[in-house]
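**Student:** One-letter residues, chain by chain:
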Amino acid sequence: MDASTTSGGARWLPGAPAPAEDDIVKCVACGLCLPHCPTFRLTGRETAAPRGRVAAMRAVQEGRAGVDGAFAAMMDECLACRACETACPSGVPYGRMIEAARAQVEVTRPVRVRGLRGLALGQVMSRTWAMRAMAVGLGVTQALRIDRLLPERMTAGAPRVSLPRLARRMPVRLGSGPVAAVLRGCVMDVAFRPVQEATMRAVAACGHTAVMPDGGCCGALAAHYGHPQAARRMARARIAEFEALGAEAVVVNSAGCSAHMKQWGHLLADDPAWAGRAHAMAARVRDVLELDVPSEATTTRPVAVHDACHHVNGQGIRAETRRMVAASGARPVEIPDDGRCCGAAGMYSVLQPEMSAELRLSKARAIAASGADTVACANPGCAAQIAAGLREIGADVDVRHPVELLRPRERT
Amino acid sequence: MVYIPRMTTLAPGVAAEFRAILGDDRVLDGSTERIIYARDGSIADGSCGVALLCETTAEVSACMGVAHRRGLPVVPRGSGTGLCGGAVPLDDAVVLSVARMRRVLEIDPAVPCAWVEPGVLNLDLTAAVTHLGLHYAPDPSSQAACSIGGNVATNAGGPHCLASGVTVQHVLGVEIVLPDGEVLAIGGPAPDPPGYDLRGFIVGGEGTLGVVTKACVRLTPNPPAVKTMLFDFASTRAAGTCVVDVIARGVVPAAMELMDSRMIEACEGFTGAGLPLDAAAVLLVEVDGTPADVEAQTGIAVDVARASGTRDVRIAADEAERALLWKARKSAFGAVARVAPNYYLHDCVVPRTRLVEILDAIAAIAARHDLLVMNVFHAGDGNLHPLIAFDRRDAAQVERVMAAGRDIVEACIAVGGVLTGEHGIGLEKRDYMGLSFGELDLDAQARARRAFDPAGRMNPRKVLPVTSRCGEAILDENSLPPGTWV
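So the protein lines, in turn, are chains A and B. Numbering follows this note's numbering, with no gaps: position 376 of the first sequence is 376. Numbering follows this note's numbering, with no gaps: position 285 of the second sequence is 1285.
Some clues are possibly wrong.
Listed below are several chain A residues computed to face chain B (Cβ distance under 8 Å; list not exhaustive) [what the hints assert, rightly or not]:
#, residue
1, Gly31
2, Pro35
3, Arg45
4, Ala55
5, Ala72
6, Ala273
No lab work stands behind these hints, which were simulated from the structure alone. Keep in mind that this is a model prediction, so the values were computed, not measured. Ideal Cβ positions, reconstructed from N, Cα and C, are used throughout, including at glycine.
Next comes chain B alone, as it looks inside the complex:
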C-alpha cells in the first residue's frame, strides 16, 4: 500500500500570508516538506498543507488569526515523537511547529518552578536546572527528544510518574493561543488560582483547544539518595506477583518497570547493559529518598523479590551502571526495530492486581493472530505497552496487527482498565472511546471542546469519535479517514 498525498494544496495566497508573518524560510510548503510533516512517531500517515515554524507567541497568534479568517484546520506539533497520531495532520491541515520556541524563560528556585517555551525538550529542561539540584519529574522514554509542549498536550507519563505523578501534576500554569488568535493566560505558580481551574482540562488537550505557547512547570528537588535494582525472574507470573506485593508492603518505588524475555533480548542488543538473556522477565525497580529511607525500601523490595522467586538481585553499583540500566529500558521502542521494521502498541492501564492475568491474555491474543508481542511497561501503575512487531509492507500481517490491537484494548477494558495511560487518544484510539464512554459522556466532552474551538478547526477528527460508529477500530479500512493509511 502506498499513499500519495492529495495535491489539493492550500488556496492561493495562504502561504503568502504566512510568509508575510514568518518570512520565507519558516513556511514549508514544498511537496517533500509536506510529506515529511505528515507523520509523527506513530504509524499513521496524513496529509499536510503547509508547515509553519513559529518562534514567538505573537507569531503563533498571527498565524492562528490567518487560519481563523481562512477557516483552515491547524495541528500543533512539538517534537513529533507521539505514538497515537496526535500530531498527524489530516485533510491538508496547517502544521504549526513550536520546535523553534525552545527558551527556558525564567527559573524560580524558591517555588521551585520554571516558565518554559513549548519546544524546550524534556531532558534539556532538567539539564538547565541540574546545577540547582532540581529536575523535571515526568520522564517519558522519549525524554531526550520530546518537548514540554507535547508533554502538556498528551499529559505524558514516564517510569518515574509512579511516585511523582504525571504531567498534569507538574503544570502550574500555561499561556495558550486560542483558535481565533486570542492569547490567554491560565494559572501560574500560586498554589490555588482564583476562578475555575482549567489547567487540568488544557493538559491532555491534545492540540484540540489551542496552542500552548508557555508553560509554568513544577521542578522537583533531586532525591538525596537513589538505588536502582534489577530483579531477574524465571516466569512473568513471578514478576507480576512481585510488583503487587512490593506495593502491598507499603513501598511505592520511584519507578517499577517490567520487561519480558523478547524485549530483554532487543534492548540488550542495543545497549549491552548486561540484562540476563535467559530470564522470562526482569523488573527494574528504583527507590529514592533519604539514605535511611532508601535502605529500608531496598530491604523490603529485595525481601519481596526473593519471596516471589527472583533468581538474581543486581543493585547498580554507581551512577554509570544506573544510567546504563535506564538506557536499556528507555531504548526499548527503537530497539524493537532490530526484530521487525515496525511496531504497534496500546498504552492501556489495568489495575496492577490484574497484571498477571492480562499478560497471559495478551500472549494468547498474539498467538491467536500469529504475531510477535514484546512487553515493556510501567508495572507499578499497571500501564501496559505490549509492542506488536510487524512489517508494514505485509498487508495481511497489518490486518492481523490491527485486529490484535483491538482485542488487547477490549481485554484491558474488560478487567477494569482504561484506554491510555500517557500517549493520548489522538487518531489511534479515537474510535475506541465508545468502549469507555457512553453517548452522554462523549457529548459533554465535545461541548467542552467546542467552548474553546467552536468551529472545530483544532486538530480536527482527533480524540472524539466523528460519527456515532463508536467502538469501531480506527485502523479498520472502512472507518479510516480519507488521506490516512497504515
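Chain A extracted, bound-state conformation:
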C-alpha cells in the first residue's frame, strides 16, 4: 500500500448537523441516479450528479476533503428535487443528506450572508405580517412595473401578487364535523389566495371543519437551506397550534411543505420534549391532493399535469394528482418530458439562475407541446416558475392548482 494511505477522521464542521456515515455508505456508486438528475442531464458533469455529491460527502467523512468552497458549490448546485432518491435501488436517503450537507455549508458562509439568510428564512417567513408587508411591496412594484427595471434573473421566478386579493378577507373557518387544520403557510398566504380558499372548500366538502390558524411558515425552506434551528423552532410553533385546535388532520396545499411536515418526526428526533409530539403530528399531515374530494364537473378540456418533485419523490403522490384533475371533469394530459424538475426548487431560481432558467424554459416548451391550455400544478414555487417560463416563450397557458379546478359538492 502507498505510504500516503493514512487513516483520518471525518472533517465535518462543529455547530451544524452532518450527513450520517450510515447513510453515506449505502451508496454503491452504481450510477442509476444519473439519468434522473436534472443538473447531471444538463451538464454531464459527475460533480453535478447525486453520486458525485455523495462521493464528496464521503470524502469529507473519510477525512480526504474539507467542507470548502468546492464542496459548497456542489451542494448549492443541487435542486434537492430528490428524483435520485426515487430512482435509487439502494435506498440512499439523499433528501436528508443534502439538507445536512447544506447546514454544513451554511457554517462556512460569511457571517453577513448567513445572518441575512437566517433572517429571511427564520424570521421574515415565520411571521405572517412580515410576509404580507413584503408581498405588498412586491405587489406595488409589479403593479407599477418597477420590477422590470431589475435584472430578469432576479424576478423571473417571483410569484405575481394581486393587491386586491391580498386586501380581501379570507374565510378561516368553514364546514362542520371534526376539525382539520389547513396550513396558512408563507408564500401561499400572500400569493395564492384563491388556492387557499379552494383548499378550505375542499376540506369542508370532505366532512371536516376546515380551520386555518394564524401561524405561517412550516419551516421547510429553512430546513432546505441550512437553517435547521429555525426549522425546528417553526415546527414546534405549528405543532403547538395544531394541537390546540384539536386537529384530526393537517391539510397542506404545497408539495414542499407537506413533504417536509411529514418528516417533522425526524427533524425533532433529538428533542426529547418534542419528538413524540412531532412524530404524532407528522402522521396527521395530508397533502390536499390526497383528499378524495367530491366535485361537480366544471370542464371537459384537457389539462396538463405537472408533478411537483416533492410530491413524486418525497411522498409518492402521483396518481392522486391525476385523480383530482379528473374529478373536475378535465382530461389529464401528460407533459412529454419524463417529469423533469422545472427548476424552481425553493430559492434555486434566485440562487442558481442559469441552471434554473434552462430547466424553466424546457419545462415551458414541454407544457406547450402537450397542447393543453391549462396546466395543473400543486406547488407555489413550481407555479410561479412555470408561469414565468410560459410568459417567456409567449405560450397562453393558464397555471392552476388542481384543487382550484374543483367545484366541491356535499358528499352524499
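For this one, chain A is given, so just place chain B on it according to the hints.
**Tutor:** Showing chain B alone in chain A's frame:
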C-alpha cells in the same frame, strides 16, 4: 483503510492547454473533482489528474494531441457505471469524459441503424427510435444510466442478449480517435466492409485503443408479441435443470434470468413486484416473436417448468406487470445495499449444463469464507453474477471477499468457463488473465494493442497483466498498483 489521493498534480501548464481547447468549465482539476472522477461503479479507487468534458470529435482529437505531446495517460469515461474498474484512472491519468457527447446523429430506418455519439444513454437510444417500432437490443441492467460508448468499450451484454447477441453483434461501425489524436473511421452500415474487419477488435477494447467518438449501431424491430413468465422453484437445482431443458427442447427464449432466495428478498424490498419470498429460486423467462410463435414457446417453457417441479407459473398480464418484473430484476445490484453497503462480483460464464454444480460450488465457497452470496444472472447463457455482500470498512471481511472472489473464478474456469461475459476485464480481472491465457496468447494481445497505442498511454495497466505474475489476484495487497485501494 483510507486512501489519500497523491498530490502529484499534472505538470504546470497542462490544465491551461486543455482549457484553451475546452474553456474553463469543462476542465475539472480541483481536488474534490479529482476524487470524484477517481471512481466508477466498481469498488476500486484510483487517482485522477484532471477530468475533461469533451463535446465534439474535434475536441477529443485536440485533447488527445495534447496528451500525446505531453506523454500523459488517458482513460476514456462514459457514464462510469462499469463494475470492473475499467474507467478508474491510475497514476493521475487524464479522464476524458464523453458524457456531453449525447446526440443521436442520424437514424436510418431502412437498414435499420443509427449513428450516435458515445455519451448517448442506452435507454435514451431506444426511446429515440420507439416511434419507428425499433429498439437497441443489448440491454445491460444499468441501461437507464450506461452509455453506448461504455457499452462498446466493454462489449456489454444484458438479459436479452441470449437470443439477440451482445454489443459486438450490434455495432456496424465506429469513429475512433487514436492516442495521437488521429481520427479513424472503421466500418459502417454496409454488410461487409472491405479490408480487415477491425470492429470486433475495437468493440471490447476497454479504452485501451483510443476513444470511440461515434458508433453506428444496428436497430432491431420490436417483436410483434412478447410474453414474460415467472417460474417459482423450491430448489436452485430444479431451476437450473429447467434452464437446460427449455433450451434442449429447441426454445431459445429472448431472456432467461435466475434469482436466488436472498436476491429475491432484496429486489422485492425495493420494487414490491410480488416475487415469491419463500421460493429458493425464480426464473424470469421472456419469449418473443409472432403471436403463434410466442404461444408455442410459452407452451413448451411452461411444460418444462412443470416437469422440473415449478411450484407456480405467473404470466405477466399486461405491459405494466411485465415492466415491474423487469424492474425487480434490473434493480438487483443496487438492491443489495439493503443487505450490506458494498458488493463484489465476477461475471464469469460457464456452460449452462454445469450451472447446477457451479451454484453449489459458489455456495460452498461462500460458506467456507463466512460470506453472504446472492445470485442473479443470465441463466440462459450461463453468465453468472454471484454478488458477495460486504462492508468495506471491515478490513478482515474485505480480505475474505477477495479470496472468495478468486475461488469463484477458479471454480468457473475449472468447469470450462471464461473470465467475463460482459463487464470486461478492466482492473479487477487483469491478473486473472493468466488463468485463461498462456504467455504466447497474452503477448499476441499485447502486440495488437501496441499497434494502436505504441506508447502504452491508453487506459494503462488495465486488461493485460503488467508483470509476469499472472494469476495473482489484483486485489491482493501485494499486487495492488500504487494508488489503488479496495
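**Student:** I'd like to know which numbered hints this structure contradicts. Please list them from smallest to largest.
**Tutor:** Those not satisfied are hints 5, 6.
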